[in-house]
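The primary structure of each chain is shown beneath.
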Amino acid sequence: MWQSALIGLVQSGGAYALLAVCVILMYRTTGVLNFALAAIGVAGTYAFSSFYTSGMNLAEAAIFGILIGAAASVVCGLIYIRWFFDATPTYRAGVAIALLVGTAAVTIRIFSDQPREIPALIPGSGFAVDGVVMTPTTIFGIALAIVFTLLVTQMLHRTRRGLQLRAISQGPVASELLGLPVRPLTLAIWGGSGAMGTIAVMIISPGLSDEVESISLVIVPALAATLVATFRRYWLALISALVLGGLQGLLLYYQTLIRYEEVIPFVVVLGVLMWDQRKELWDEAR
Amino acid sequence: MGIRRGWRAVAAVSLAVLAALAAGCSSSPSSSSSSSTPASSGSTPAATSTSAASAAAAGAPISVASLASLTGAASFAGWQLGAKAYFDYVNAHGGINGHKVNFTILDDAGSPTQAALLARKEVDAGVVAFAGSISLSDCAVNGKYYDQQGIVSIDVGSDPTCFDNPNIDPVNSGPSTDSELQMVFAAQDLHDTKICMISDAVPGEDPDFQAAVTGFEQVTHLTITKWIKDWPLTASYAPAVTQLESAGCQAVALPFEPSGAVPLLADAKSDGITNITWISGLALYAQSFLSSAGSSANGMYLGLEFAPPGAPGTAQMTAAFKADNIALSEPEESSYTAAYVLGTVLATIQGPITRASVLAAFRAMQPLSVPTMGTPFTFGTATAHHPNQAAYVVKVQNGAFVDYKAGESWLTAS
Chain A
14 MWQSALIGLV
24 QSGGAYALLA
34 VCVILMYRTT
44 GVLNFALAAI
54 GVAGTYAFSS
64 FYTSGMNLAE
74 AAIFGILIGA
84 AASVVCGLIY
94 IRWFFDATPT
104 YRAGVAIALL
114 VGTAAVTIRI
124 FSDQPREIPA
134 LIPGSGFAVD
144 GVVMTPTTIF
154 GIALAIVFTL
164 LVTQMLHRTR
174 RGLQLRAISQ
184 GPVASELLGL
194 PVRPLTLAIW
204 GGSGAMGTIA
214 VMIISPGLSD
224 EVESISLVIV
234 PALAATLVAT
244 FRRYWLALIS
254 ALVLGGLQGL
264 LLYYQTLIRY
274 EEVIPFVVVL
284 GVLMWDQRKE
294 LWDEAR
Chain B
16 MGIRRGWRAV
26 AAVSLAVLAA
36 LAAGCSSSPS
46 SSSSSSTPAS
56 SGSTPAATST
66 SAASAAAAGA
76 PISVASLASL
86 TGAASFAGWQ
96 LGAKAYFDYV
106 NAHGGINGHK
116 VNFTILDDAG
126 SPTQAALLAR
136 KEVDAGVVAF
146 AGSISLSDCA
156 VNGKYYDQQG
166 IVSIDVGSDP
176 TCFDNPNIDP
186 VNSGPSTDSE
196 LQMVFAAQDL
206 HDTKICMISD
216 AVPGEDPDFQ
226 AAVTGFEQVT
236 HLTITKWIKD
246 WPLTASYAPA
256 VTQLESAGCQ
266 AVALPFEPSG
276 AVPLLADAKS
286 DGITNITWIS
296 GLALYAQSFL
306 SSAGSSANGM
316 YLGLEFAPPG
326 APGTAQMTAA
336 FKADNIALSE
346 PEESSYTAAY
356 VLGTVLATIQ
366 GPITRASVLA
376 AFRAMQPLSV
386 PTMGTPFTFG
396 TATAHHPNQA
406 AYVVKVQNGA
416 FVDYKAGESW
426 LTAS
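Residue numbers (our numbering), protein chains in the order written: chain A, 14 to 299; chain B, 16 to 429.
This is chain B alone, in the form it adopts within the complex (with noise of 0.2 Å):
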């Protein structure tokens, strides 16, 4: 009996002991930063590296790479394809001035150890620049290192010391940016003036909405109408609409990943709800989320960081990621463009392709017009770069996203 019992105690360990592995390696995301966990069309990469042999890339090859969370906690799995696919073209098409590009990417698993290594060893084995990373850690835990060793890291800011570095330069707008144009938007275009914003339940993300509700009664001179903070991820939505509909919303500002805005959506419908515009960003801007939404997501409008595919000056990305056969969307444009940006910078560099010359060539450039951006690309001597200070506005439209106003649809924060 002693043996009997002492079996089923070793097969229930090793039951639940299986379980959890088989949990941990079937983790999805629950990150909701706005501008952050993707709704994610690509195939999840591992470490890859772009080895396009071009005949006419002969000169030597110039190491970049990028440091991303595609495993643990929060995953951007997929964002980093937009860089590989920039890369790819590139050295399709000649390099840049001749040489190859070897474009590397890592995984840091979300882990503050774990990125700070792998920063090191790619400094180490010789890397000129970082370009596309998305990472929870790496500008926390590598900014200064980056300072010290002189190293330029073109990244997707994930987290607001991103924006805070004079080496770190993000392509994109960020979340207290983007919440703000949402609610500028709701404001100068839509006419409303009461304007709302719920946000969720992810630590660190408070001081971001301030900001953005603090840059949105600045601007337009109105006071937000209702700011509900804090909203739990396993919470229903159903009394935060109701509350948002009692408090006489016209516009509210959704900074949510489609798990929370599908079903907020959804409830919004089944109450009846149709006095309330939507607005939301980049997380939201994708074919899965206009296929789990429905109509319910009608009429909803969107700020986007970057410009969507077909938009003026995206042939070139839409050739790149055609080539690579990645779907057309939101968080790869962002490392797209990332690339993009430094592919550009180091074709004006004459001479030895150095993290030094790299360096220098960034401090000197002067503003960068990119297709995908709203305002130009700028770095300089500054100690903190943002210089991502546009949305481009699509309305969600019988299930599909159309341009808010064919070629004018860029909002700038003023």
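Excised from the complex, chain A in its bound form (with noise of 0.2 Å):
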């Protein structure tokens, strides 16, 4: 049973925590709430994929892919910054939404829904832990998102930069207006979110189904970690992150609950909003 959870989280928990603390970034360096993040994400890797199975090599195909996916991310950005830029919350959300769709069905458009092989970013066999076989591609994926954490939370608060980001996502017109290079930055977060976005589909996808809109799905895990965490707390998502897997995976070693592990992102959402709204709802009551 441990074995599964451990699976789980491994497998997946990485993935879900450098997801989770990128879309924690975003939310508060540029107000969006990135549902198209891993969307974005399949399209860098499925460039990688074509690109190593047509004979690049595996460092090579996976650099071109995660360029990619960066790019494809500003691309995104560029259209916030162009139409959205001082947009409401609730809008920018709605073109996430939007976005999410839209890259899906245009990653099909160019790459096809043809099986393809979608290598392991690192090779190698790796070492077994009571059965439990942990692979360099998911060890790299987990050390990644601690020390990405890491990174992110000491850039906001130790640095300038970290400064800047933080007063622009307090006031992009205001910050502007004070001479801070808003849209440039805001640029840098896309795609730097972007090609981490890509990093993560890669280590993720190898043992998924690779049905676009399967790995595009990744995001919802992670959005329930940042929703734990408060869209704050980095470290908190992180940590959920990892939780959320090592769930999933124990709950695939029941065959009476199977069917439920789609749902248990969900269940982590609502019951985060209604703790969230529980005095409301016992105001009312009263």
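Do not rely on the hints blindly, as some may be mistaken.
[Claimed, not checked] Computed cross-link-like contacts, SDA-like style, restricted to lysine to any residue with a CA-CA straight-line distance of at most 20 Å: (1) Lys284/B / Ile152/A; (2) Lys241/B / Leu270/A; (3) Lys284/B / Leu190/A; (4) Lys284/B / Pro136/A; (5) Lys284/B / Pro132/A.
Since the hints were made in silico from the structure, they are not lab data.
Fit chain to chain and form the complex, with the hints in mind.
What follows is the structure in structure tokens.
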């Protein structure tokens, strides 16, 4: 039983954590709740797969795939800057959903929906811990999530750029009037998040069905983790994401609970929202 | 400010609508029935008809139609090209007793309403039979109608109702026989005793797999070691692979589409699992699967519902496919077989070819040996039909499909 939980944690938790931290970073700095992050990652990953199967070596294919994911994300960022720069969060969320659907559609159009080989990002057989194989890719995923979280938190609170980014999140127009390089910084955040999202999808996708829609929906557990972290606490998001991966793995162990594995992130989201609104409910009841 | 806010709302809604439309136009197959969603290698057909004008086919044309879910939630796009290839070939070689065949393919888009409308439209237009239909709704929606109208459908059965109708006779073995034969093969030919199965979460398929398990246990007197049911389509396969290995499975029946099989096999390979033999079916018999699975597929077996190209008796099929420029693969072969059966029976009819004479010919026919089927095709007066009870076994070796045993690769359910 615990093996199944550990498999879920290592196979999926690292990728969920990377995505969750990116979602919080984007939300705190650009005000965008980026539902399309995993879909953008899929585009970069499919490019990686195409380059690799056409003969490019693994490292080069991965670098080009990450660059394409970053570029696709920058394009999305340009859309926001051009038309929705000072829009309300509601509008921005709506646009993010549209970008999720649109990015998935464009990816299918460009790369088709034929079966494809998505190689492991880091080849090698790894080592086993009581029957659970820790591959180099999954270990890298968890390590990268921890390092990335550390870098983001340090950058935001201890550097001048971090201060500028936090200022932008409070008021983009005011920050721009004060002379901060708002648009270049915003695009840099979009590009960096796109690159990280692509790496997250590259880590998780070899073990998943290779359909664009399925892989794009790995954003859901990441969003559940960001909600637990109240869109503020990066380390809590990391831990929540790892726990969520483990919980999904645990449910897959029990035949009677298998079909509820996909529901777990939504249960978490509902639970957090209800807990957050508990005072409203109780006050209304009185 | 109010106008700017309103403009942005319109822009946001427009963007969302455009994106939804784009997604709708690029829907990809999501059905995971083991004998359904193809790794299609053919081009996506529109409603199309053959009109090869052979100078020798001078009699009144015979109208035949095929109802297929070419678009929609689960697409069988490309499967009908085999039937079209057969009728094109027949028309180019004199037709059927001098009659050209007008073959029409219709897309019901997976919609029951559309399936009903199209069937009635074609019957009113005078089709004498349906051949090579593969639809999510045809059998369930139109079965009774075909019985009332006395019209025959030789189809590729995609749901249990196709195998439970006096006028519909599927040429494929269906998911329950398919999976049962995979497990029987493991027991009888590979001499494994710990046999397992993993099936994914496609609604309505559990009864077929239960029937397969029951049939396997009755034939082999073994008990299935582990059956992982309803594996979520969005979940990682790593926990499943670990569970199967922990259970001691020697062979695992894998009724998956390539989108599920490729990551599962890759996971097994990266975990270093070499003591499990994977056995699957028709859906994986495609070059695109071999290309994407790579060496992780080596050593697995596929139980095919039809003899693969190159097997004895498939020369005409190979020629027909080549003439129509279709890549040879099992999905297209299924509709070719259906068309072949219909064409063969039509050729036996003396006198006018009507839906009544076609039905009478099928009811009177003797078991028909079909080159691509392992058991004879039968129709007769039965109230349900399930003639295909065999699998042609191939093995994946060095990135290619090879016959399991040259000349002895047919396995029948016994």
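Outcome of the hint check:
1. For a cut-off of 20 Å, the pair hint linking Lys284/B to Ile152/A stands: about 17 Å separates their Cα positions.
2. Annotation: proposed proximity of Lys241/B to Leu270/A holds, straight-line Cα distance about 16 Å (limit 20 Å).
3. Distance restraint check for Lys284/B and Leu190/A: the Cα-Cα separation of roughly 57 Å exceeds the 20 Å cut-off, and the hinted pair is therefore not satisfied.
4. Distance check on the hinted pair: Lys284/B and Pro136/A sit about 12 Å apart at the alpha-carbon level, within 20 Å; holds.
5. With a C-alpha separation of about 12 Å, the suggested pair Lys284/B and Pro132/A falls inside the 20 Å cut-off, and the hint holds.
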